[in-house]
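> Protein chains in written order, with the numbering used here: chain Y, 2 to 224; chain A, 385 to 1512.
Mixed in with the good hints, there may be bad ones.
As the list claims (entries may be wrong) - Okay, the calculated bits of chain Y under chain A, using three or more residues with CB under 8 Å as the criterion: (1) 59-71; (2) 200-209.
As the list claims (entries may be wrong) - A few chain Y residues that face chain A, going by a derived Cβ cut-off under 7 Å, partial list only: (3) GLY75; (4) ASN92; (5) HIS162; (6) PRO168.
Claimed, not checked - Here are some chain Y residues the structure puts well away from chain A; computed CB gaps all over 12 Å: (7) ALA29; (8) PHE30; (9) VAL51; (10) ASP76; (11) LEU79; (12) ILE93; (13) ARG102; (14) MET105; (15) PRO134; (16) GLN170; (17) ARG212.
I should point out that these hints are in silico values taken from the structure, not numbers from a laboratory.
In this text, a Cβ means the ideal position worked out from N, Cα and C, and glycines have one as well.
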Amino acid sequence: MKKVQHLFLALLIGTGVSLAQSGTPASAFAITRLKYAGGGDWYNDPSSEVNLLTFVHNATGIDTDPRYQFVDIGDDALFTHPFLFMTGHGNIAFSETDARRLRMYLENGGFLYADDDYGMDKPFRREIRKVLPGEELVELPFSYGLYHCQFEFPSGVPKTHEHNGKPPQGFGIFLHGRLVVYYTYESNPSDGWADPDVHGDPEDKRQEALRFGTNLVVWVLTH
Amino acid sequence: MDTTGLYDEIHRRLAAVRRKQNTAAVIHGAAFSGALFLTAVLLALIGEEIINFSVGGRTVLFWTLVLLALALFLWRIGRPLGRLAEILHGESDLETARDVGRRIGCVNDRLVNALQLLAEGDARRIYSGDLVDAALADLRADCEGIDFTSAVDRAGTPLTGRLLAAAFLSCVLLFALFPTAFFGAADRLLHFNEAYAAASPFRFVVEPGSREIIKGETVPIRVRVTGENPGEVSIAFRRRGDLAYEEAVLRADGAGEYHHQFPPVTETTEYYIHARGIRGDDYTLTVIDRPLVRQLRITVLPPAYSGLPVRRQEDNVGDVAALRGAAIRFDIEASKVLKSGEIALSDSAVLPLGIAGSRAHAAFVLMKERSYHISLRDSAGTGSVDPVEYTLRIIPDAPPAVTLLSPSENLDVTDTTPVNLLAKITDDYGFSRLRLAYKLVQSKYEKPEQEFTYVPLPLPPSGTIEALIPYRWSIAGLHLVPEDVISFYVEVFDNDVISGPKSAISEIYSLRLPSMDEVFAQADKGHEASIGGMQDALKQAQEARKEMEELTQSVRSPADKLEWQDRRKAEDLLKKYGEVKAKMDSVRAAVDRMVDDMSKNRVLSPETLEKYQELQHMMDQMSSPEFAEAMKQLQQAMQQMSPDALRQAMQQFNFSEETFRKSIERTLNLLKRIQIEQKVDEAVRRTEQMMKQQEALKENTGKTPAGDRDRMEQLAKEQKEVQEHLQSLGAQMEELQKKMEDFPAEMPLAELKHARQEMAQDSLARTMESISRDMVQMQPEEASRQQQQALASMGKLGEHLRSMQKEMRQNQQRQVLNAMRRSLRDLLDLSKREETLKDESERLEPNSRRFRDNEEAQMDAMRDLGTVAEGLAALSQRTFGVTPEMGKSIGDAMRSMNDAMRSLQQRNRAAASQQQTDAMASLNEAAQKVEDSMNGMQQGGGQGMGLAGLMQRLQRLSQQQGGINDASRNLGGMTPEQAAEMSRLAGEQGMVRKSLEQLAREAASAGDLKKLMGDMSQIARDMTEVQTDMTSGNFNPETVRKEDRILSRLLDAQRSTRERDFEKKRTSTAGQDVTRESPPSLTLTAGQEKDRLRRDMQKALEEGYAREYEDLIRRYFEILEQLESQNR
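The whole structure should be built from the sequences, with the hints applied where relevant.
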C-alpha cells in the first residue's frame, strides 16, 4: 500500500512539474526548428527562436511560446507546427519521402522560413526544388507586404550579417497565391535573433533583425 | 349564164353588202353607245360628286344609267348584231340593191330592176325572155367590176370613235386627277342604296403620299389643306399587317401646312390623314430593304513579337487600334444575301470582300493609320448607302529603356578582376538584343578607338518586359595597361520586327586601370591618414585620461559632494571619448577602403592581406559593448547627480577606457608593422612588375624590324618609363628602410640595405639610360644585350627582396613564438608554484606563522604573473596571436591570487587554498590558450591560427573521416577479424573527434574563427555515437547516416572557410546596409492579375485617346500594379 502511495505521489509530483513547465497555453504561437539530414548544423543558435518570440510578444502582444523546439521531417507532429524554421551552414538532404511530406505540409497551410547562415544557399535551392518541383524562388519586391506589415523595411530584408558582401535578398515560393516558403540569403536575420554574445552583432542590428522577424511572424499569421 | 345563176350572184353580192353594213352598224353602235354611256356616267359622277345625291337620287341615276346602257346596247349594238347573225330580219335584196344603186351611180335602179325581173316569175311571160336576158347580161357586164360593199356608209364611225375616245379619256383624266372624289362618287353610285355622309368640307393634299423608301429612312409628311380650316389634323399609321393604327397630331406651321416626321421606317407603313372625323386618302410608304451591315466582328491578331493574345473586338465596334503589323480580320454579316462588297480605305485603296451568302469577310495588315467604310451590294444590285466611317489607329510601340544599376559611376579597375554589370531593361513588349559596347578612349600607348566593340549580353526569357541583367564582364581580354580608359555602355533593342527594333542606351561610364604608382600612392595616403587618425585619437584619449583621473580624484571620497562642475567635466569627458570613438570609426572606414583597394589591385601578399583583415577585426572589437555600456552608465550616473553612482560608473569606465585606449595603441603599433610588410610587398610587386615590363620590352625590341625608327622611339619611351619605375622603387625602398628603423630588432634592415646597395652597384638606372639611348640611336642589338643585363639585375633584386620578405616573416614568427614560449613556460612555472602554494596552504595550521610566508610567496607569484602579462601585452603589439581570451584567463588568475592573498592575511586557509586552486586553473587555461595559439601559428604558418592552418587541419580531418567511413562500410559480417578492425576504426574515430574538439578550442581561442567553423558540438556528439556503435558492434544504417553527416559537415566547414578566404571580409561581421533597387514586381503569384491589368491597359489604349492621355493611362495602370503588389 505504501508503495502505491509513493507511486501516486511520484506521479502527482511529476504531473505538477510537467504542468508547471507547460505554463504557456497550447494555442500560443511557436516557431519550430526543422531538423534535416545531410550534415548541415540545423541546430545552431538555439537562442534565436526564443528571443524572437519574446520580442514578438512584447512588440505585438501576440501570444507566443518562446521555446526552442525542433521537429524531424519524418515526425508525424510535423503537421501540428504552423511555422518551420531552418538554418545552418552546410549541406541539406531531403529524401524523396521527406520532400513529399514537406510538400504536403506546405500545400496544407504550413510555412517554412529558411535563413542561410552561410554556405546553405546551394543545397537549399537544390533541395527545395525537390520539395516543390516546378515552383521557383522569386525575389520579393521591396513593396511586398511582408516588409511593411508591422515595421517598415523600405529596402526589403535587412542586412544583419556580412557573408559575401552581396546585397541581402528575400525570396519566396507561392502556392495558390500564398507565401509558403520564405528564404533569406546574404541577410541572416536569425543571427541577429541569437543572444548578443553569440555573434556580437551591434544592438541596432539585432533590434532590426528582431523587428524583421516580427514582420515575418505577423505576415504568416495574417496570410 | 342562166337567170338563176345571175340571181344567185346578185343575191350573194348583196348579202355581202348587208353583212358589211351590219358590222359597221355594230361598231358604230358600240362606239356611240360607249361614248354616250361614258358621258352619261361622267355626268352622273360629276352630279353625284357635286350634288351628293340621296339614296333615291342615286337609285334613279343608277337605274337610268343601267337602262340607258341596256337601251343603247339593244338598239345600237344588239339590232345590227342580230341582223348580222341573221337572227333578225334585215333588209331585202331589193332594199339593199336600192341602197347600192343609190350609192353607186352606175348601178342606179338597174340592179333593183333586174331583181324585180328575176323576182317576178311571170316576167318572161310579160316581157321578152331575150330582152330580160339581155338586160340582165348588160347589168352583169356593167356591175361585174363593181364592189357593192363599197356602197356601205362608214362615214360616221370615225366620229363616234373619237367621241368614245374623248369620253374615255375624260373619264380616266378625271379619275386620275380626282381619284378620291370620282372613286368616292363611283363607289356611292354603285352602292346606290347605301347612305353616305355628307361630302367633306375640306380636302388634304399629302406629300409624299405613297412612295418607296429605304429601310430605316426617316420620312417627313407634309399636308396641305384645301377648303375649310380643319382645325387639328392627325395622322393615323400602322405597319402593314397590323390591325390598329397609331395616331399622331400634326404640327401646323405658319403657312397653313401640317407636318409630321416618321422616325426611321423599317417596315412598310400605311397611313392617312384625318381631321374632324373626315378621313383623307390612304397612303403607303413601301420599305425597300437595302443591304446593310447587320453584324461587324473584327478580330485583331497582334504581331507575334508582342506576345499579345488574339483579340476579338466587341460586335459592331469598327474602330480599330492595334500595333503596326497587326492582322485585322473583318467578319461581316449583312441584312440580306450579297452579291459583292468592299472595304474602302481613306487612301483610295479598296479591299474586296469575300462573299458567302449574307456573310462577307476580309483581312489585311495594319501598317498605317487610315479610316474605312464598308460598302455592300445585294443580289439585286441594290447598294448600301451612307456607310459608317471607322478609324484604323496604330498603337505606338514605345522604345525600350536601359539603366545601369551597377556600376553607377566611373570606376577604377584591376586588369583581371571582372566588372560586375547589372542592367535594368524595360520595354512594353520584350527584347530582341542586348549588348555591351566599349571602346578605348585614352591610352598611353594606343590610339583611341573610333568605333565601339560590342559584346552580346544574355537576354531574359521571351515575353519578359522588365528584367535585371547581371553580367560578369571579364576585362582581362582587353589587355589593358595602366592608365587606359575604356568608355562603355549597355544598349538594348526591343523586339519590334515590324517597324524595326528600336534601341536605347544606358548612361556612358568609363573604367580606368590605375597605374601601380597610383595604387601604392593611394595606399600610402590611406596608411598615413589611418596612422595620423589613430595617433590623434590616442592623443585625445590620453588627454581625456588625465581629465578622468582628475575627476576620479574629485569624487574619490564618499564625503565628497557632486558639484555641477564635476558633472560638466564628466559630460565633457564623455563627449571627448565620443569624439575619440568617432575618430576611430572613421579610421576603421579608411582602413577598410585602403584594404579593399589594395586587395582589389592584388598588391598584397596573402599573408599581409590576412594581417590587415585581422587588424580590421580587431578594430571592430574596439568599440566593445562593455565600453559603450560603461559610457551609458556614466551618463546615467551624471543625470542622477549621485556621487556614489558616479564613482561606481567611473570605476567601470576607467577599466573599459583603459582597454579601449590600449586597443588603440595596439592597433596603431600593429598597423605600423603591417605597413612595413605592405611596403615590402610593394617593393616585391614593383620589382616583379618592372621585370615583366622589361621582358616585354626586350621581346619587342627583338621583334622590331631594322630601321623602324618610330617603333624604336616608342620602345625607348617605354624603357624610360621602366627607368622611372626603378627610381620610384628606389625611393620606396629608402622610405621602407626609414620605417624599418623604427623596429630595428624585428626588421631585416641588413637585408634591405644589402638589396639597396646591390641596386646601386649594378647601376641599373644607368643601364636603362643606356638602353634608351641605344634605341634612339637605332642599335637594337646593343639595346637587347643591355636589356638582358638589366633583367638579370632586376631578378637579383627581386630575389633579395623576396628573401628579405621571407626572413622578415620568419624572424617575426620566430621572435613571437620565442616570446610566447617564454610566456608559456612562465605560466606553467607559475601554475606549479601556485600548486605548491595551494598544497602549503592546505597544510597550514590556523595559528601558523607560515601564513605570512605563504602570503609573500603568493605576492611574488602575482608580481611574476604581472610580468608575464606585461610581456604578453607587449607581444600583442606585434602579433595577433595574443588574444583577449588569454588576457582574460590571466586576469582571472590574478584576481584569484589577489583573493588568496587576502584570505591568507585573514588566515582563512580553506578559502586561500580554493582561490589558489582557481588561480592555478586559470593559469593552466591561459597556458593552454598560449599553446593553442602557438600550435596554430606553427601549423598555419602565420601569426595566429589563421585560415590556412584551419583549412589544412579540417582537410586532414575530412580525409581521416572519409577513410573511416569507407573502411567501416567495407566490413561485411562480424568475424573476429572484422570486429577487431571495427574496434580499430572506433579508436580512429575517437582520435578524429579529439582532434576536432582541439581544433574547435583553438578556433575559439583565436577569436571569431569559431563562427567560421560553425557549431561543431553536434558533430562531436555524432562522432561519439559512431564510436560507441562501432565499439558495441551495433554498426547500423543510422550509424552510416551519422558518418555521412560528419563528413558532410566537415567538408562544408572547409568549403565555407575556403569561400570566405576569397572574400575581402573573411571575418564574421555585422552587415553593412546595402542600397539597391527593388526586385521587379512579382510575376509568378501575381501573374494572372498582372496579365489582367495589362490586358485592361491594352484595351484602354485601344480606345484611341490622345498621346498625353495614353501616358496618363499607362501611369494609372502602373500605380494599380504597385497597389496590387502591396496588397499581396
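> The structure should be examined with respect to each hint, and the outcome stated for every one.
Evaluated hints:
Look at the stretch 59-71 of chain Y against chain A: 0 of its residues bring a Cβ nearer than 8 Å to a Cβ of that chain, fewer than three, so the hint is violated. Judged by the Cβ-Cβ criterion of 8 Å, the stretch 200-209 of chain Y is covered by chain A as claimed, because 6 of its residues qualify and three suffice. Checking GLY75 of chain Y against chain A: minimum C-beta separation of about 12 Å lies over 7 Å; hint violated. Annotation: interface hint on ASN92 of chain Y holds; nearest CB of chain A at approximately 4 Å, less than 7 Å.
Annotation: HIS162 of chain Y was flagged as interfacial toward chain A, and the flag holds, the nearest CB pair being 5 Å apart, inside 7 Å. With a cut of 7 Å, the hint placing PRO168 of chain Y at the interface with chain A holds, because the nearest CB-to-CB distance is about 4 Å. Against chain A, the non-interface label of ALA29 of chain Y holds: every CB pair exceeds 12 Å, the least being about 27 Å. Here PHE30 of chain Y stays apart from chain A, with its beta-carbon at least about 23 Å from theirs, past the 12 Å limit.
The claim that VAL51 of chain Y lies off the interface holds: its Cβ sits roughly 16 Å from the closest Cβ of chain A, which is beyond the 12 Å cut-off. Every beta carbon of chain A lies more than 12 Å from that of ASP76 of chain Y, the smallest distance being close to 16 Å; the non-interface claim holds. For LEU79 of chain Y, the shortest C-beta to C-beta distance to chain A comes to about 19 Å, beyond the 12 Å cut-off, and the non-interface label holds. The Cβ of ILE93 of chain Y sits about 9 Å from the closest Cβ of chain A, inside the 12 Å cut-off, so the non-interface label is violated.
With 12 Å as the threshold on Cβ separation, the claim that ARG102 of chain Y sits away from chain A holds: the shortest Cβ distance comes to roughly 17 Å. Taking the minimum C-beta to C-beta distance to chain A, about 20 Å, the non-interface status of MET105 of chain Y holds against the 12 Å cut. Annotated as non-interface, PRO134 of chain Y keeps its C-beta farther than 12 Å from every C-beta of chain A; the closest such distance is 14 Å. Listed as a non-interface residue, GLN170 of chain Y fails to keep its Cβ farther than 12 Å from every Cβ of chain A; the least gap is roughly 8 Å.
Listed as a non-interface residue, ARG212 of chain Y keeps its Cβ farther than 12 Å from every Cβ of chain A; the least gap is roughly 14 Å.
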